[in-house]
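All chains, please: the whole structure from these sequences, using the hints.
Keeping their order, the protein sequence lines are chains A and E. Each residue of the first sequence is one higher than the one before, starting from 3 at the first, in the numbering used here. Each residue of the second sequence is one higher than the one before, starting from 4 at the first, in the numbering used here.
Think of the hints as simulated: they come from the structure by calculation, not from any bench. A few of these clues could be false.
Unchecked claim - For the chain E half of the interface with chain A, some residues (derived, Cβ under 8 Å), not all of them:
{"no.": "1", "residue": "S158"}
{"no.": "2", "residue": "P160"}
{"no.": "3", "residue": "L166"}
{"no.": "4", "residue": "L168"}
{"no.": "5", "residue": "R175"}
{"no.": "6", "residue": "V179"}
{"no.": "7", "residue": "L252"}
{"no.": "8", "residue": "A283"}
{"no.": "9", "residue": "I284"}
{"no.": "10", "residue": "I296"}
{"no.": "11", "residue": "S300"}
{"no.": "12", "residue": "D308"}
Backbone N, C-alpha and C fix where the C-beta goes; we use that ideal spot for every residue, glycine too.
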Amino acid sequence: MKLYEYAIRRIVLMVGVLVALSFIMFYLARGLLPPTTALAPFITPRMNDIEKLSLAQSLGVATASCPSFGAFSVQAAGCVVPLWGQYIGWLQQIVSGNWGYTLLPGIAGTQTTWNVFWARFPFTAELAIGASILTILIGFPLGIISATHNNKPPDHASRIIALGGYSLPQFWFAAILQIVFVLYVTLGGSGILPGSGSLSTTCGLCLANIGTIHTYSGMPMLDSLLSGNIPYFWDSLLALILPALVLSITSIGALTRIIRSSMLETLRQDYILLARSKGLKERVIVYKHALRNAVLPAVTISGLLVAFFLGGVVVIEDVFSWPGVGSTAVAAISVVDVNFIELYTLVTALIIVVANLAVDIIYAKVDPRIRYS
Amino acid sequence: MKEELETETVQEAGTRRTSDVRFSLHLLRSNPLVVIGIVISVGTLVLSAVSGLLVNPGSWQHYAPQLGLCWNNPVVNWGFKNIFNCGGSVYPLGTDLKGRDLLSMIILAIPTDVEIALEVVASAVVIGVVFGAIAGYAGGLLDELILRLTDVFLSIPVILLALVLVVVLEARGLPVSLSLLTIALVVTWWPVYVRLVRSQVLSEKERPYVESLRAMGASRTRILFLHVIPNSIYPLLVQATLDIGSVILTVSALIFIGLTPNPYYPELGNLVNMGIQHLAIAPWLVIFPGLTIFIISLGFNLLGDGIRDVFDPRLRR
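Structure follows, in structure tokens:
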């Protein structure tokens with residue numbers, strides 16, 4: 003199979019997976035709840051029953067022969083379109099970009115779901131990117147040390163850090179960091195780091211006068227850099243430290259293990275033996291000869307990290323009141339805002355699937371031994 | 004010489020197996036981290052079994068608000084003056100808002116989490132073995148279908164799917180309960196095992212012993228369930244052990260972010276959630292229940308990691 007054939011096959015499968023995914027979420031949220039749930043994102047308080055009925059019909063939830071909105075809401079026989087039909091109607095709506103208004107408390111009915119999602123997404127992206135960078139910075143050296151000191155104390159220590167991080171309850175670790183850096187370690191009367199939100203001007207290290215920035219990407223750190231506002235950047239960075247630390251410590255294990263095993267495998271190769279017999283220094287062997295060949299799997303995994311973090315931020319964002327899509331999803335679920343949940347699930351899944359595909363293709367490109375099937 | 008090797012008697016095979024087990028146990032014992040893992044996980048299981056004898060299971064409903072949020076254990080000094088008074092008796096880990104002894108609450112909470120974890124993992128393993136075996140052994144369209152289904156479920160974040168399930172069922176009139184959470188977690192957890200069993204079955208079924216079984220006329224189901232699956236048991240065992248820790252983490256996280264049947268019910272995530280509102284005046288309420296989750300999860304992870312190493316053929320050489 004050629005590479006492009008393989009890629010096309012994968013993309014077709016990917017679309018199938020996303021459609022199936024949207025149907026599962028649709029079934030869960032709409033199939034199990036009364037049909038009037040479907041109208042919530044589009045309804046306005048001033049609508050009368052006739053308008054509501056025609057809305058339900060235009061959304062493909064009520065049948066054309068349904069006599070009244072009352073009959074529809076008590077699910078009278080022949081009034082509610084079967085779930086498959088409703089799904090098709092819903093699909094038409096969202097494909098044409100009509101996600102309706104948000105049901106989130108405070109802003110319900112005033113902003114569209116689409117706008118709310120994309121206004122908050124950059125915050126989550128910033129957190130995910132920050133956590134990935136931190137994970138790579140800690141994970142790579144840890145994995146290499148672990149391999150070069152195989153079965154010696156540094157290896158055990160790195161293993162404990164990896165497994166320990168993996169076993170940490172994120173919400174609890176977050177709370178402990180908040181206790182330490184917000185309550186106990188103080189500077190000028192308040193904790194040195196902010197314990198919640200994406201920007202704070204009142205923590206010990208924070209700067210009070212930060213001015214304003216222009217919104218380019220929606221990510222506070224990137225935008226403040228682009229606007230040339232360093233104090234703003236500094237405060238955003240401080241706010242990012244604790245949530246990013248929790249995310250990366252709890253997932254560092256996967257990266258470390260992969261680097262360790264691929265490094266061990268490489269160090270066993272004949273050409274390393276040759277390098278040793280030539281009398282090269284151990285440092286040169288490890289960092290120049292072995293590392294370059296061992297990092298390939300690790301680099302691809304690092305690419306997946308961002309995607310993984312984008313899907314794994316729900317709890318962290320909730321604990322740190324981070325204004326991203328994860329904490330919003332929790333709020334959306336509690337008010338059964340089906341469209342927001344769908345949008346969140348689909349975007350997250352799309353990123354994960356695309357990242358996987360990209361990694362597979364890059365892998366196949368770089369390593370000629372890999373065959374597509 | 005060659006003949007001797009091939010005509011291993013039943014007795015000799017038995018001795019080989021015993022020495023194999025003995026060698027595995029030796030490997031397990033020789034790694035201090037694994038020993039710690041065994042101690043923690045066995046300790047957790049024992050503690051769960053006897054927790055009802057140590058603490059009255061109904062005592063979580065006995066509130067004594069006048070003793071709320073007090074700390075009088077002289078071993079730890081929090082660095083601030085505790086504003087509430089415990090009266091005469093000593094509470095080793097302090098009390099919560101309702102004046103209940105935190106240590107007793109943790110002892111009561113451990114079996115709740117362990118039970119959910121065991122149920123979720125056991126159900127996921129059963130589903131995984133059945134569907135994974137079917138997919139791997141039948142192949143073709145059925146295999147493709149099962150694989151794509153696991154793809155779909157694996158691309159949804161676990162926490163999100165469980166949250167949606169529980170909230171929707173709650174809106175249908177089903178109150179949030181621990182069994183509902185268990186079901187939601189099983190729904191999200193099975194695909195990993197299907198994948199695992201499938202790949203094991205695929206690699207096992209090409210082995211010569213399966214071919215000879217087929218030549219001897221053994222039926223497909225017999226080969227599958229009596230030979231292929233028992234031979235794929237170790238990776239399954241490793242994954243299941245590791246997952247007990249992960250399920251405990253996930254379940255406590257779900258309850259922590261609000262899927263709780265009762266805010267005062269003794270469950271570890273619930274206890275942390277209850278304490279988080281009093282972080283500034285009673286940090287012990289957050290520290291100790293969470294530490295318990297961490298230790299239990301670490302124990303099962305160390306054990307699973309150890310088992311993986313022991314059955315790693317490269318280490319056995």
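Tested hints:
1. S158: holds (4 Å)
2. P160: It holds, given that the least Cβ distance between P160/E and chain A is near 4 Å, below 8 Å.
3. L166: Since the shortest Cβ distance to chain A is 5 Å, the answer is holds.
4. L168: holds (6 Å)
5. R175: holds (6 Å)
6. V179: violated (12 Å)
7. L252: holds (5 Å)
8. A283: holds (6 Å)
9. I284: Constraint on I284/E not satisfied, violated at 10 Å.
10. I296: This hint holds: I296/E lies near chain A, its Cβ roughly 5 Å from the closest one there, short of 8 Å.
11. S300: holds (4 Å)
12. D308: The hint holds - D308/E has a Cβ within 8 Å of chain A, the shortest such distance being about 6 Å.
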